[in-house]
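Student: Protein sequence lines correspond, in order, to chains A and B.
When the letters of the first sequence are read in order and numbered with the working numbering, they come out as residues 1 to 292.
When the letters of the second sequence are read in order and numbered with the working numbering, they come out as residues 1001 to 1234.
No wet-lab data here; the hints were simulated from the structure.
Do not rely on the hints blindly, as some may be mistaken.
Unchecked claim - To spell it out: a stretch of chain A is covered by chain B in this simulated footprint if at least three of its residues, at any positions, have a beta carbon under 8 Å from a beta carbon of chain B; those stretches are:
1) 52 to 64
2) 214 to 222
What the hints assert, rightly or not - Chain A is nowhere near these chain B residues, computed Cβ spacing over 12 Å in every case:
3) PRO1025
4) ALA1035
5) ASP1118
6) ARG1126
7) GLY1137
8) ALA1147
9) ARG1178
10) ASN1193
11) THR1202
As the list claims (entries may be wrong) - No farther apart than 25 Å at their CA atoms in a straight line, the calculated lysine to any residue pairs in the SDA-like style are these:
12) LYS1052/B - VAL86/A
13) LYS279/A - VAL86/A
14) LYS1069/B - ASN1010/B
15) LYS162/A - ASN1010/B
16) LYS1106/B - GLY1084/B
17) LYS279/A - ASP1132/B
Note that CB positions come from ideal geometry on N, CA and C, so glycine has one too.
What follows is the residue order along each chain.
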Amino acid sequence: MTTFLDYLLGGLGSGAIIALMALSLVLIWRSTRVVNFAQVGQAMFTTFIALSIQTWTGSWFIALVGALAAGALLGVIIQYLVLRPVKRNDTSGAIIATFGVLIALQAAAGMIWPGGSQAFPQPFNNAGIEFAGRVWPISVYDFVVIGITALLVLGLTLLFTKTSLGLSMRAAAFNPEVAKLSGVRVSRVLTFGWALAGSVGAVAGVLVAPVSTISPNSFDILLVYAFTVAVIGGLDSLIGAISIGVFTGLVISLVSGYSDSGNAPIVALLLLALNLILKPEGVFSHHKARSV
Amino acid sequence: MLTITELSVNYGAVQALSNVSIEVPKGEVTAVIGANGAGKSTLMRALSGLVKPGSGTATVGGVTITGRKPEDIVRLGVALVPEGRSTIPELTVEENLRLGGLWRDKAARNATQVQVFDLFPVLAERRSMRADTLSGGERQQLAIGRALMSEPRVLLLDEPSLGLAPLIVTQILELVSRLATESNLAVLLVEQNAVTALRVATTGVVLNLGKVVMVGSGSEIASDEQLRNAYLGY
Ligand SMILES: Nc1ncnc2c1ncn2[C@@H]1O[C@H](COP(=O)(O)OP(=O)(O)O)[C@@H](O)[C@H]1O
Ligand SMILES: [Mg+2]
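With the hints as extra help, turn the sequences into a complete structure.
Tutor: Structure follows, in structure tokens:
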């Protein structure tokens, strides 16, 4: 029993990171009906930028803020250069374009930061906390990760439910025509959505880097998990991305603990398949059905 | 107030509107009637900036609105209630209303919202419910309320009676007509249902295959049997 609880605790931090990455996919999907496969590429790229900032300034906090800004900027650039030119309503064209961006970003990162996998310095103690006479499978760093994720989720919730900009974003996502007729500058709002998603993904990248390593391809597995989570959560549900994200982190931790960490992606895909058979519209979606 | 001059719209090879000229004065309802496919919605979409006209102009109080974006046209005082379900079902009643005047300052917006709630008390009762829980008639009231939230000078209504029970249609149209007189609004009402529209309209415009075939007072058009048979099918 203690082992089971330990595995659960140990999965919280990675669950939070998966949730953030899924959240950035959901933010783009909600506003543009595009699954942005470049998202992890963007996160990888901005994490390299964060690493450079960290090396240069020695401050993890400045690196995090830098990644946040770089993520927003990169999101806007990609929307302007790649997605706007792809014709409206051409969803498959846009999705293929995001794959192209992913490959381009990975190639560019390989050239700018050569030398393969690099370690990201550990900003906080990542050893299990000693408390009440035992070592727990959760570290100070895990608490930082969970805290930052919770703050971001709270901030986004307030943005969407309490502000005019948030209402504009929801209206533009649900019905762009009525939004325009109501005076919402829809294309600006969409650009802001790309910036926001870019920042959220960038935070996920910076948070995961110290517990893995950073290379042009090191986040690919994160894409698999985040995509799975976003689909199971219903693609347009922020709550879905967060709760299924954390849940997946726990499942991965259990699977890795009881069997082998190599089995985790397979279990994630099994969950996805099960979801598509049992509830294809996603667990948290408002919509009745979805074609797969 | 709203002056439409020789407006034409093409969809590729299809000419949906050709040289349409209409004057819509303030304080009254002007009705555009015509069969399905006559070009009524195209006219409304061109006026609100959703489709670009091929040629011609529309001005509001002397300011040209054609060629501008919908977001800018609504700021110039022209609000469209589009055909069909034009509320956002996922948002609450109050959010739908707030959306209609989001760019305005909060005090002005809140003042208009009080007026809208006076006009449509049922919306005040349901303010925190999602729009998809409303009945058809309530939803149409919400759609009109959303448009009014921009405090328009010109209100464009595209077939508000569609799919509603006759009694509710009468209520809504009488309210629109009262709104025109009391708030000095220029209302352009598009209807397939001529009888209903001409009851509240001062002037009627008959549209057929994208062309204006007659302009006259509501009663003139209603009593012209030949015209009714030829273009309106009753
Ligand atoms: N987006 C479009 N693309 C091509 N043709 C269209 C489009 N919208 C309307 N039309 C055509 O333009 C004509 C006028 O349509 P519309 O303005 O919707 O008429 P109404 O509202 O009077 O029923 C019709 O022949 C219709 O088929
Ligand atoms: Mg129509």
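Student: Run through the hints listed earlier and report the numbers of any the structure violates, in increasing order.
Tutor: 1, 2, 8, 13, 15 and 16
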